[in-house]
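Could you build all of it, start to finish, from the sequences and the hints given here?
Protein sequences, first through last, are from chains A and B. Take 1 as the starting number for the first sequence in our numbering and just add one per residue. Take 1 as the starting number for the second sequence in our numbering and just add one per residue.
Honestly, I wouldn't trust all of these hints.
Partial pick of chain B residues on the chain A-facing surface, computed with a CB cut under 7 Å [to be verified]:
#, residue
1, S74
2, K76
3, M88
4, P89
5, F90
6, Y101
The calculated SDA-like cross-link candidates involving lysine to any residue, where the alpha carbons are at most 25 Å apart (straight line), are [claimed, not checked]:
#, chain 1, residue 1, chain 2, residue 2
7, A, K3, B, I86
8, B, K71, A, N156
9, A, K341, B, M128
10, A, K289, B, I86
11, A, K3, B, H110
12, A, K245, B, G62
13, B, K107, A, E234
14, A, K245, B, Q103
15, A, K341, B, A129
16, A, K3, B, A129
17, B, K187, B, G62
18, A, K341, B, G138
19, A, K341, B, Q141
Footprint (simulated), chain B over chain A, 3 or more residues, beta carbon under 8 Å [as the list claims (entries may be wrong)]:
#, segment
20, 84-90
21, 261-267
22, 282-288
These are computed hints drawn from the structure, not numbers from a lab. Cβ atoms here follow ideal geometry from the backbone N, Cα and C, with glycine treated the same way.
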Amino acid sequence: MKKTLTFLILIAALIFTIILSLGLGAMRIPVKEVITILASKAGLLSNTAEDPLAAGVILMIRLPRVILGLMVGAALGTTGTAVQGIFRNPLAEPGLIGISAGASMMTVIIIALEGLFFIQISQSLGYSLLAIGAFFGSGLAALLVYTLSKTNGQPNMALMLLAGIAINALAGAFTGLVTYLSSEQQLRSITFWMLGSLGGATWGNVLCIAPFVILPIVILPTFSKGLNVFAIGESQAELIGLNTKSIKVWVVFLSTMAVGASVSVSGIIGFVGLLVPHTMRLIGGVNHKFVLPASALAGALVLTLADLISRTIVEPIELPIGVITALLGTPIFIYIMLRDKKKITNL
Amino acid sequence: MLRVEAVGFKVNQRNLLNDVSFNIRSGEFIAIMGANGAGKSTLMKLLSAEQTPTSGTISLHGKDLFTYSRKELSTKRAMLQQQNAISMPFSVEEVVMMGRYGQYGHKPVHRDEVAVAEAMEVCGLTDMADRTLLTMSGGEQQRVHLARVLAQLWDQKEAVLLLDEPLNNMDLQFQHQTLGIASALAKKGFIVISVLHDINLAAQYVSRMILMKGGRKWWDGSPAEVLSPAHIYNTFSINARVYTDDHTLRTQIIPDEICLDAQTFNSNMNPEASVIIL
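This is the structure in structure tokens:
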């Protein structure tokens with residue numbers, strides 16, 4: 001009951017935020033017109049006399065950005081939950097297995113070397129070189145962590161945690177070195193990327209990452225039972241009849257894919273993967289059958305809202321979204337933490 | 001029929017189990033006993049197919065235990081492990097339902113719900129169904145895990161129930177309740193094998209005892225056959241008197257107390273300190 005209500009509230013809030021995000025910005029478009037434009041685009045209304053400029057702003061600029069926010073937010077929420085599940089640790093997040101560090105390293109290298117030999121490739125691929133590099137960087141780091149953590153053909157979660165720390169440190173060192181050698185201008189782009197932004201959203205890159213992000217969001221909830229049993233231990237899961245190796249391999253693979261693709265377009269957006277699953281657990285209990293889809297919805301909501309704030313609060317300047325998620329998330333998180341002290345000390 | 005033939009288990013050149021053989025028929029309730037490090041838990045891990053023996057064979061109902069699929073095994077044997085820590089605050093009912101996870105797809109069906117409800121009932125957990133494990137005492141948590149393991153095999157016949165020190169932290173009532181449940185399942189046709197430390201309690205319930213020593217089977221038989229002062233001294237290095245209880249006609253033991261002089265191990269301490277410690 002409480003869970004159904006949570007879903008309904010999240011969906012209602014999400015729809016409200018989407019419409020608000022499409023209407024607000026440098027050019028204000030009333031809610032009624034937003035709905036008319038969307039409906040006529042969807043073929044539900046005919047011969048409407050909408051403002052072509054407003055329609056252009058919504059369909060070409062704001063809609064892809066909102067969709068990117070929804071996808072990235074849902075991906076961060078879902079993968080955060082899943083990774084916390086297999087690590088049996090509510091403080092884990094996808095960054096732990098090197099995904100973000102690998103992506104940052106590649107991005108920083110590409111930004112810093114752009115003036116040199118990357119310029120050729122850059123010109124033919126354009127903006128997407130950064131995305132492709134980040135995606136491969138995250139995949140490579142996660143693969144390395146995964147390979148290092150294998151013992152008797154099985155990934156071991158304790159080893160994976162340690163390997164993750166090592167690879168994070170290594171990637172961090174390279175990132176630091178390249179950053180140190182960068183020019184002023186490059187530093188600005190690096191910082192902006194590191195704090196995350198949905199500003200790069202176009203229909204092109206949104207459609208490009210959509211399968212990589214949406215598939216994990218849909219598939220990960222099918223591992224709910226497995227993630228639940230991980231809470232009482234891997235060997236118990238085997239005795240109960242679940243294949244723990246396949247659970248670990250798929251969760252790591254799908255999380256890497258979703259976060260790698262997200263990071264490649266939006267940069268590193270912290271806090272959502274950690275805050276959202278926690279909040280959902282405090283609201284509706286720890287069963288992954290609830291937490292995974294609820295975190296997807298709540299992640300999408302938080303990120304869309306954060307993006308709306310980041311681009312409207314000090315118009316026309318755009319703040320990095322990572323700043324907003326932390327500023328917005330921390331007070332809510334502390335509020336819930338204080339309210340549920342008792343529950344959390346038992347987490 | 002569970003058939004264990006010349007089973008050995010070696011880790012890093014160390015023999016944890018050596019040439020262990022026995023047969024167990026359906027309907028038997030067996031206690032595995034022995035000193036710490038005698039190989040009891042290792043044996044249980046092999047019987048549950050969690051580990052593969054380095055030599056010898058184990059077969060269940062005429063088929064090599066290790067050729068059963070993971071899914072088949074989940075309906076043929078369940079095991080309550082010695083360590084049961086939980087990392088997230090799941091409710092009692094959710095944990096007991098985990099026992100059924102290998103047997104249903106996306107959603108539990110009627111028989112899963114019945115199994116969970118009845119397993120909780122028999123373990124005295126019905127009133128605590130919504131409490132989270134992290135707020136419960138050690139003995140209560142142990143009962144939840146017992147209920148989970150029972151739920152796993154609830155609708156099976158001739159399955160194997162393995163209990164590794166099931167009575168850990170349980171109070172007097174539930175120690176007996178647990179062994180009573182185990183004994184009832186054996187009568188129903190299960191093979192029940194339990195590692196137990198309380199010899200007198202075991203002798204009240206089990207039909208057969210396997211005494212382990214140094215990774216080998218030391219003795220195997222009814223409590224009256226196994227519980228002799230000589231066997232007890234050989235496996236536990238403690239003297240005990242053995243008698244038959246007039247009322248229950250069960251074999252029972254009374255170990256001699258061990259008396260130590262604090263001076264023998266407090267030689268480095270000054271006399272005042274050892275008085276305080278004692």
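Subject >> Violating hint indices (sorted, rising) >> reply: 2, 12, 21
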